[in-house]
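Protein sequences, first through last, are from chains A and B. Numbering follows the numbering used here, in which position 111 of the first sequence is assigned residue number 111; successive positions increment by one, without gaps. With the second sequence counted from 1, adding 390 to any position gets you the numbering used here.
Simulated from the structure, these hints should not be mistaken for laboratory data. Treat the hints with caution; some may be incorrect.
As the list claims (entries may be wrong) - 30 Å max Cα-Cα, derived DSSO-like pairs, lysine-lysine:
1. A:LYS117 <-> B:LYS686
2. A:LYS358 <-> B:LYS842
3. A:LYS117 <-> B:LYS833
4. A:LYS117 <-> B:LYS851
5. B:LYS851 <-> A:LYS177
6. B:LYS619 <-> B:LYS668
7. B:LYS715 <-> A:LYS117
8. A:LYS177 <-> B:LYS842
9. B:LYS734 <-> B:LYS668
10. B:LYS842 <-> A:LYS357
11. B:LYS842 <-> A:LYS117
12. B:LYS812 <-> A:LYS117
13. B:LYS477 <-> A:LYS244
14. A:LYS244 <-> B:LYS686
15. B:LYS812 <-> A:LYS244
16. B:LYS812 <-> A:LYS177
17. A:LYS375 <-> B:LYS842
As the list claims (entries may be wrong) - Interface residues of chain B toward chain A, partial, derived using beta-carbon atoms under 8 Å:
18. PRO611
19. GLN634
20. GLY648
21. SER784
22. TYR843
23. ARG853
To be verified - Covered, in the sense of this in silico footprint (three residues per stretch, anywhere, with C-beta under 8 Å from a C-beta of chain A), are these stretches of chain B:
24. 483-490
25. 773-783
Backbone N, C-alpha and C fix where the C-beta goes; we use that ideal spot for every residue, glycine too.
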Amino acid sequence: MKSESGQRFSKRQFLRLSLAALGVAAAGIRPFHGFAKNLMAMNPDTPPPPGSPGKYSKESLYYILTPKGVKCQLCPNQCVLKEGQEGLCRNHVAYDDKLYSIAYGNPCSVHVDPIEKKPLFHYLPSSESFSIATAGCTLACMNCQNWEISQVSPRTTNNLELFPVQVVQEAAANGCKTIAYTYSEPLSFYEYTFDTSKLARARGIKNLLISNGYINEKPLRELSKYIDAANINLKSFTEDTYAKLNGGSLEPILRTLKILKEEGVWLEITNLIVPNWTDNMNMIQEMCGWLVANGFADYPLHFSRFFPLYKLTSLPYTPLPTLEKAYNIARKAGINHVYIGNVPGTDYENTYCPKCKKMVVERRGFTVVSNHIVKGDCGYCNTRINGVWA
Amino acid sequence: MNKNAIRAGLFSLGFISISTQIYLLRASYMVFYGNELILGIMLSAWLLLTGAGAWLGRYFSKIRGPAVFVLFLMLLLSALPALMLIKLNLYRALVLPTGTLAGINDVVYAAFIVQMPFCLINGFLFSALSSMLDKAGNAYSLESAGSMFSGAIVNFILLWFFSSSFSILLLSGFYLITVVYFSFHMPGRLSPWITLLVSAMLMILLSKTDIRAVSYHALYPGQSVIEDKETPYGQLVVTVNSGQLNFYENGLLMFSSGDEINNEENVHYAMVQHAAPKNILLISGGLSGVINEILKYHPKLIDYVELNPALLYLNVKSLRNLQKKSVYLHPGDARRFVKNSSVKYDVVLILLPPPSSLQLNRLYTTEFLKELKVRLSPDGIVSYSLPTTSDYVSQAGEGLNSILYKTLKESFSNVLLVPGGKTFFIASDAGMSLDIPGMIEKKGIRTSYVNKYYLDPAQMKERSEYIMANISGSAGINHDFRPLMFFAQMKYRLTYFNRHYLMVIIIVLLIIGLIMLNLNAVNTGLFTGGFTAGAFQVLIILSLQVFCGYVFQLTGFIIMLFMLGLILGSKAGTLWFSRNPFKVYLSVQLLLAALSVLIPIALILMGRMGLPLWMVQAKTAGITLALSVLIGLEYSLAFRLMSKKPTLAVAKNYASDLFGSALGAFIVPVFLFPLLGLMNTGYLLALLNTAGATFLFIKRKNFVSL
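Assemble the whole structure, with the sequences as input and the hints as a guide.
Take a look at the structure:
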């Protein structure tokens, strides 16, 4: 090879030049790729409304503009985003010095489920819930069962078009008493959840929030005005586990539980017992103690069996004796309604009166076989059974 | 330096190298839940690093006290196999969070970091000892002989009868004997006695090290190991925690006891479709408790086939439950069993893991389904499952579902998609229904989960239709010689880590580019030859599995035969063809190009002709030998063509061969073969070898005078 001056290039020189060029190209690929991806995503088939990043977008209500970029104030992740950058949840993007949700009206999962599947056992039993989700999540749990939608962006999923008005219409058409914001993480598609639940409330349809509870106080209080019931995943009871297993922190979840109770939202709590991560009985004891001390003794606590999923495939299933130990600890701590989930064929799905100990609701799977609750009271001894039964 | 001592050093180098590689790859299967991608990364890293070590061997001539340095490296090498296995086994505890899947980054990192010391020294020693011997062709055949000998001992004796700890001890001990022998032929009086002392200390230390026990805590946290069997097919471990039994194969959890949901779904979705199932074939998964579910239908016969015979001889409670009158256990390959069986089955339950390896893929192909259909009753039912879900079907999930659906549709009129914890594919020529809860109730089958209390037919229908709406009409069909499902499963697995397979290809192409820039025309021939050999080794073994079923000894035999061919070829190059090595070298390259097309033709024809087993095995052996003789000959001739700078020649030639083998063994089975199929892969390899020959022809002036 000869250069312009007629000098020979040696193989070594050529190699160095090529490697340098490759290095520059590689350094440029990622930001270019990100920009190109954003650019393409901002130009779907339908031209976006002027001044927005796309058809399925809406300006967020919770952000501020800082010298470093747009700072999202929806959840404790508090992402600071440069132009075109997506937040950790993958549902919010900085565009033109504003924060937009790009998960608005474009759910990727829409199904009708029995309410007991959420699980919500003390709220409108035997009813069906119109369940929706967009992609995205504020956490990154290693055992997520919906990782195919929670750990990706709405830009990469196959979505339907279902704006809030349409969601409510479809729920009514399917005879569903409730709309559940579920599967992935509804707090990550906050704006969609908020607007839909407002419309649903106006139509007399109840709103269910199935969530990890990872949200800041102000947006939560606003949303709570329209949420009727919630199942919050209390994944563990140490900051360390929350950080390593889920990529979050514990404190905001505990705050969420208190706020939802204050705002009068019906609440049920789920704790997934993961071997070697969240099966420490001392931790479970502490968790139950906290729940009772903070007024949650009368709210159902669901212990759920872990199945190896997603990145945690090398752990065994949770043994039934472990779940039973947790159950007994919770009952002893003073929690009145404790359930064990994902273990069919046991009596742990039934509701018992905390006073006379009789079975007031018999359940098998997602089906209520018998119900002896009369106007919210035990049919045998008239003790109040906390819940929304009709 | 005594030539016999050097020859012994080369022989033992091949010996320790191949045996360590075998145990390391087996360990990596366990730590990283192996398949061809993982295997390819580990093997490629091994060969690349060994090649790099061989490359560094070019500086050997500049070392003062070369014999002492070689002795030092040999001693160091003897301790490394055990150390590497411990490091790899502990990787999960030290680097990965508890119970997590290793990502591609983790595998690549481990592959290079864990293997680097051994491989660099191994490669360097080959170059060093070869240059001390003067005839690199002989060096190559000696090293290959050592590899062959070691491979035979490991595959036919050690893996069957001894633990990995004890085997490593024996192998290191044999290696140390040659090291001591080497030291006795060095100048100086002290070296032999110091070597003897160090060797003795190493052996004592190794004998105290239980590689497996060191890693239990890391691999099975919070569980007690009650059964631990190292088998040729993999490692079986049974643990218990709080009374629950957990079965692991190669570090991957197969199932836990007391999992009613999984057991009932695996059985009842399919069984309930048949009016009166009498003869049942169960392929894999029988220890989980499914047999008790099958027995609820009062079948006459349950044939349970399990590839790994050791699974059927574990001393655990669930196995004792298998000892029922109507249950017959068949250790061995399921495809072979189906071909040789004379029973007509009403229901075939295939409870295999997803097709994450080429070996597993064979049981998801249209060819297998055609063989299976011959063994089915007219309204017979076949059931598969995939780990995709019905909440949302991703693009990767759609790919996987679509290929299996289309493959089943090739053989059956009806394919029912049943949404559950996984997606179930129930295939039959008879009609089927999603009203599974209704049918279960009608038949009076008692279940905990598969019943009307958990399953709503309307909701099942809605989800089934959703999955069906995401079946792609343009999906291909899964074949033995075009394993599309294997590739789709790999893509699906990569989405766990937000990785795209293209990234892997780009990195590999970059590596190839970098390597090629440093090769001359002769080295390029070795690179393309090595690439071809690495690729065909895997493809020939896979073909044998397709024709004869998975038989562990056959795989070991093919590898041994390959080594034998290398020895014969390199010997022939040393003894003959001295008059015009260039012409012969060029001819070898062109012959390799021709073989690259002829081998796939031969394999495909063998599959179609239905030859007797012994003939298939003989022809495959012949193909293997022909290929490996050419590779060995090529290597030997390459050294002749670069004999002016022998040390450099050894280093570059060995490195080129290894680099080529590494990449061939990785890229071809993992990417090219699934995407292009066998024939097109052959054409590509022919093109590669022809390009290498053309390059050599263009540069002939540098070599023709020799």
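How the hints compare with the structure:
1. A:LYS117 <-> B:LYS686: holds, 28 Å
2. A:LYS358 <-> B:LYS842: Within the cut-off at roughly 25 Å; holds.
3. A:LYS117 <-> B:LYS833: Between A:LYS117 and B:LYS833 the Cα gap is close to 27 Å, so the pair holds against 30 Å.
4. A:LYS117 <-> B:LYS851: Cα-Cα ~17 Å, so holds.
5. B:LYS851 <-> A:LYS177: holds, 21 Å
6. B:LYS619 <-> B:LYS668: Status violated; Cα separation ~34 Å.
7. B:LYS715 <-> A:LYS117: violated, 40 Å
8. A:LYS177 <-> B:LYS842: With a Cα-Cα distance of about 22 Å, the restraint between A:LYS177 and B:LYS842 holds, given a limit of 30 Å.
9. B:LYS734 <-> B:LYS668: The given pair, whose Cα atoms are some 10 Å apart, holds under the 30 Å limit.
10. B:LYS842 <-> A:LYS357: holds, 28 Å
11. B:LYS842 <-> A:LYS117: holds, 14 Å
12. B:LYS812 <-> A:LYS117: Satisfied, since the Cα-Cα distance of roughly 17 Å is no more than 30 Å.
13. B:LYS477 <-> A:LYS244: holds, 23 Å
14. A:LYS244 <-> B:LYS686: With a Cα-Cα distance of about 44 Å, the restraint between A:LYS244 and B:LYS686 is violated, given a limit of 30 Å.
15. B:LYS812 <-> A:LYS244: This hinted pair holds, its Cα atoms lying about 27 Å apart.
16. B:LYS812 <-> A:LYS177: holds, 29 Å
17. A:LYS375 <-> B:LYS842: holds, 27 Å
18. PRO611: holds, 5 Å
19. GLN634: Nearest chain A Cβ about 4 Å off; hint holds.
20. GLY648: holds, 6 Å
21. SER784: Check passed: Cβ of B:SER784 comes within 4 Å of chain A, closer than 8 Å.
22. TYR843: Since chain A brings a Cβ to about 4 Å from B:TYR843, closer than 8 Å, the hint holds.
23. ARG853: Status holds, d = 7 Å.
24. 483-490: Contact hint for the stretch 483-490 of chain B vs chain A: holds, 4 residues under 8 Å.
25. 773-783: As far as the stretch 773-783 of chain B goes, the hint holds, because 4 residues have Cβ atoms under 8 Å from chain A.
In terms of the numbered hints stated before, the structure departs from hints 6, 7 and 14, listed from lowest to highest.
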